[in-house]
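Protein chains in written order, with the working numbering: chain H, 1 to 315; chain U, 1001 to 1449.
Hint data in this document are derived by calculation from the structure and do not stem from the laboratory. Glycine included, C-beta positions come from ideal geometry on N, C-alpha and C. Any given hint could turn out to be false.
Computed spacing ranges between beta-carbons, pair by pair [to be verified]:
# : chain 1 : residue 1 : chain 2 : residue 2 : range
1 : H       : ASP105    : U       : LEU1293   : 44 to 54 Å
2 : U       : TRP1377   : H       : GLY58     : 44 to 54 Å
3 : U       : SER1222   : H       : ILE166    : 53 to 63 Å
4 : H       : GLY58     : U       : TRP1437   : 54 to 64 Å
Straight-line distance between alpha carbons at most 27 Å, and here's what the computed DSSO-like set of lysine-lysine pairs gives [claimed, not checked]:
#  : chain 1 : residue 1 : chain 2 : residue 2
5  : H       : LYS114    : H       : LYS135
6  : U       : LYS1120   : U       : LYS1135
7  : H       : LYS90     : H       : LYS114
8  : H       : LYS114    : U       : LYS1020
9  : H       : LYS129    : H       : LYS90
10 : H       : LYS128    : H       : LYS114
11 : H       : LYS90     : U       : LYS1135
12 : U       : LYS1135   : U       : LYS1166
13 : U       : LYS1020   : H       : LYS128
14 : H       : LYS129    : U       : LYS1120
15 : H       : LYS128    : H       : LYS90
16 : H       : LYS135    : H       : LYS90
17 : U       : LYS1120   : U       : LYS1166
18 : H       : LYS135    : U       : LYS1166
19 : H       : LYS114    : H       : LYS129
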Amino acid sequence: MTHALRISGLRKSFGEQQVLDGVGFDVPKGAILGLLGPNGAGKSTLIRSIMGIVEPDGGTIELDGTPWSREAVRRIGYLPEERGLYRDMKVGEQAVYFARLKGMDRPEAVTALKAWFERLEVDGWWDKKVSDISKGMAQKIQFICTVVHQPSLLILDEPLSGFDPINARRIVDVVRSLAESGTTILLSTHDMPSVERLCDRVVLLDQGNIVLAGEADALRESGWSGEQEVVFRGNDIAFTNALGTLAHLDGIEPDVAEGTRRAAIRLRNPEQPGQVLQALGQAVDILEFVKVRPTMESLFIQAVQSGAATTEPAS
Amino acid sequence: MKGSLIGAVIGREWRTRVFKRSFLLATLLMPFLGVGFIALTVMLTEGTETRNRVLVEDMPGLITRLDAASGQYVPRCPGCFPERDLLEYRFTREAPADSVWQIEGYTALVEFDESVLQNKAGYLVYETSPGMQAKRRIERDLSRAMEHARVLESTELDWEAYQRLKFDLNLVDRAASDAGNRTEGGGEEIRGFVGFMFSAVLFLVLAVYGGLILRSVVEEKSNRVVEVLIAAVRPEELLLGKVVGMGAVALTQIVAWSVLSTLAFTGFQFAFDSGMVPGAGAVAAGEVPADLLTVMAENEFTKVLLDIDWVLMVISTVVFFVGGYLLYGSLYAVVGSTVQSEQEGQGMVFPLTMPLMFAYVFGIQAMENPDMAAFSWLSWFPLTSPVIMLIRVAVGVPFWELGLSVLLLFLTARLVLWVAGRAYRHGVLAGDSASGWALLLQWVRGHGR
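Use the sequences and the hints to build the structure in full.
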């Protein structure tokens, strides 16, 4: 299978500091991969290495099944975390300039940009100076400049920072539709809800090493240790007694509907939830019995704090 | 592809600056201000001459005779004192007291005695100076009248025959050389001054546009555009595009100034020669009105402008500008890439531009003594040659020296551009932890990777 991006044994140090220590993972074509990690984990250096901004000390990078080349990098759409625009240039003129740097000719760039401006509802701002537009508007322009040349691989570093919730959702929708049309996306972010909404794979970096990697659903599933949420109608004592030694009660509180209760429990034997459900059903009236998988945020915190490597085969 | 990417960078640098209002204003105004300055000088020279009534006291009777009809003394050579709007002569053989001739409305009195034919000296007495222009005319008229007197007294020729035989030799300076090739020489001070004017302009343009490069690089760092750029274009290419783009802006300005100055000067020349300019008609009735070039040749300042070999100087200026600009522009860009603010950059740029400033100061000295050995050495040394060689070109320089200087300059510029590209990459991508000299030192310690 050809991968959009394949990294193996990537190393980079700045002076005494080892920033990347043999990092390797694959991104299949059309996947959305979340690149996660605390500050200083090496995410930006990894992205900069892919983009040819930083020269790695060792390791290999393959793009679309071929060894790294400047020409292949030019086909990537890259939205850096620290991004900006020329304040004195007009919006349209500036977007055309960035498109030309990606190898598009002027007429082709203008046509594609006009379509994107319309799609993201900024078409009235073509002739405005950047200094006259809002930060959110500038963020949209930067996003358009990143995707205008129809890249097969899109690297987005904190793409939602600076957006209000409505526009953030609009960008998420666009990213999802790009992925559906076959664009591979590498998303670096600290925004865990957007990782859960978008990413089908994640790589978690810490101190230059991968500490967690794999399919998002599989990782959340493997991180589940019996947490369940139960909504019931009945007596709390009867509920607790029914749990007995089958599960541990983490908490219990009133639910939204009158007379209903919501309890958080942890199964002692996660393999047999049916046994617990049967026992509880005999004591109270069960309305909901829902498996609670760990959030990406909790997996992130747990992996970073434990420092243990939990790596699944990336493809 | 590479070409078109650098082309895009050059295009952006050029377009965003050339279409700025301030650039258009400076480019359009400067030539007209320059020609306006020349026009003002000419017009002030020509137009401010006041009316003068001069009483010539011809005690020895050398140049006057008594006109029986009028009872007045009149010149023996009437043609020597042409009628002029602003200059009028009367003649006497008495010595009036100063108060008397002034009361009679004369503005100046000319005195001389018999010795004037030997020592060629007389006196111009006045309360208020009649002005340089009027004084030159009085001297010229009286000289011709004296000449007329001497011709009539000492030769058998008549005045008209003498005028035909009269011969003025004009010696053109030539510099001798061992190879036998004589080049136009002499007048070196004026030529040196002309060269210095060009080198001063080059110095200013290098400093101003170098500063613009610095500002542009700092701006791209502070507005965070640089990372997107570097992802698409190699730092070396980006640097080259930036330096060339900004250089193209400067060249556009130089070419625009040259064309507009020529047009403006031609327009002024046409207006002046057609008598449409105030002061242009201040000549004697019956004389052919002087054209602009003649008038300029009479003025010490404007005369220098006529002595310039414009084509040679403009070509040399462009060549040395391109070389010097690539060299210094790259250095400015490296400085810009290592600093966080323009102010910090200005502090770092100062030592880098010391050679250029030294060349400028040295050029002032060299202008007066262009044959000193150091002058040659500095005109070959790439850091000083853009300024120094222009002075030598104006004075006269062997072709091989010019070629050597250009070659060394462009080779050095290419080398500096290559090194600068690497330092630039390090500078623009460095974080905020180090800046300025510390950052450059960090790069050097890292073996310039």
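To see whether the hints hold, each was checked on the structure:
1. For the hinted restraint 44 to 54 Å between ASP105(H) and LEU1293(U), the CB-CB distance of approximately 52 Å keeps it satisfied.
2. Between TRP1377(U) and GLY58(H), the C-beta spacing of about 49 Å keeps the proposed range 44 to 54 Å intact.
3. Between SER1222(U) and ILE166(H), the C-beta spacing of about 30 Å breaks the proposed range 53 to 63 Å.
4. The hinted range of 54 to 64 Å is not satisfied by GLY58(H) and TRP1437(U), whose Cβ atoms lie roughly 31 Å apart.
5. Our distance criterion of 27 Å between C-alpha atoms is met by LYS114(H) and LYS135(H), whose separation comes to about 20 Å.
6. For the proposed pair LYS1120(U) and LYS1135(U), the alpha carbon gap of about 15 Å is at most 27 Å, so the pair holds.
7. For the suggested pair LYS90(H) and LYS114(H), the alpha carbons sit about 14 Å apart, so the restraint of at most 27 Å is met.
8. About 25 Å separates the Cα atoms of LYS114(H) and LYS1020(U), which keeps this hinted pair within 27 Å; it holds.
9. For the suggested pair LYS129(H) and LYS90(H), the alpha carbons sit about 4 Å apart, so the restraint of at most 27 Å is met.
10. Restraint check: the Cα-Cα separation between LYS128(H) and LYS114(H) comes to about 14 Å, which is no more than 27 Å; the hinted pair holds.
11. For the given pair, LYS90(H) sits about 63 Å from LYS1135(U) by alpha-carbon distance, which is inconsistent with the 27 Å threshold.
12. Between LYS1135(U) and LYS1166(U), the direct Cα distance comes to roughly 24 Å. Compliance with the 27 Å bound is thereby established for this hinted pair.
13. Straight-line distance between C-alpha atoms of LYS1020(U) and LYS128(H) comes to about 15 Å, which keeps the hinted pair within the 27 Å bound.
14. Restraint check: the Cα-Cα separation between LYS129(H) and LYS1120(U) comes to about 75 Å, which exceeds 27 Å; the hinted pair is violated.
15. For the suggested pair LYS128(H) and LYS90(H), the alpha carbons sit about 5 Å apart, so the restraint of at most 27 Å is met.
16. Annotation: proposed proximity of LYS135(H) to LYS90(H) holds, straight-line Cα distance about 15 Å (limit 27 Å).
17. Restraint check for LYS1120(U) and LYS1166(U): the C-alpha separation of about 19 Å stays at or below 27 Å, so the hint holds.
18. Taking the CA atoms of LYS135(H) and LYS1166(U), the gap is near 85 Å; set against the 27 Å cutoff, the hint is violated.
19. Among the hinted pairs, LYS114(H) with LYS129(H) is consistent with the structure: their alpha-carbon atoms are about 16 Å apart, no more than 27 Å.
Going down the numbered hints, you'll see the structure goes against 3, 4, 11, 14, 18, while the others check out.
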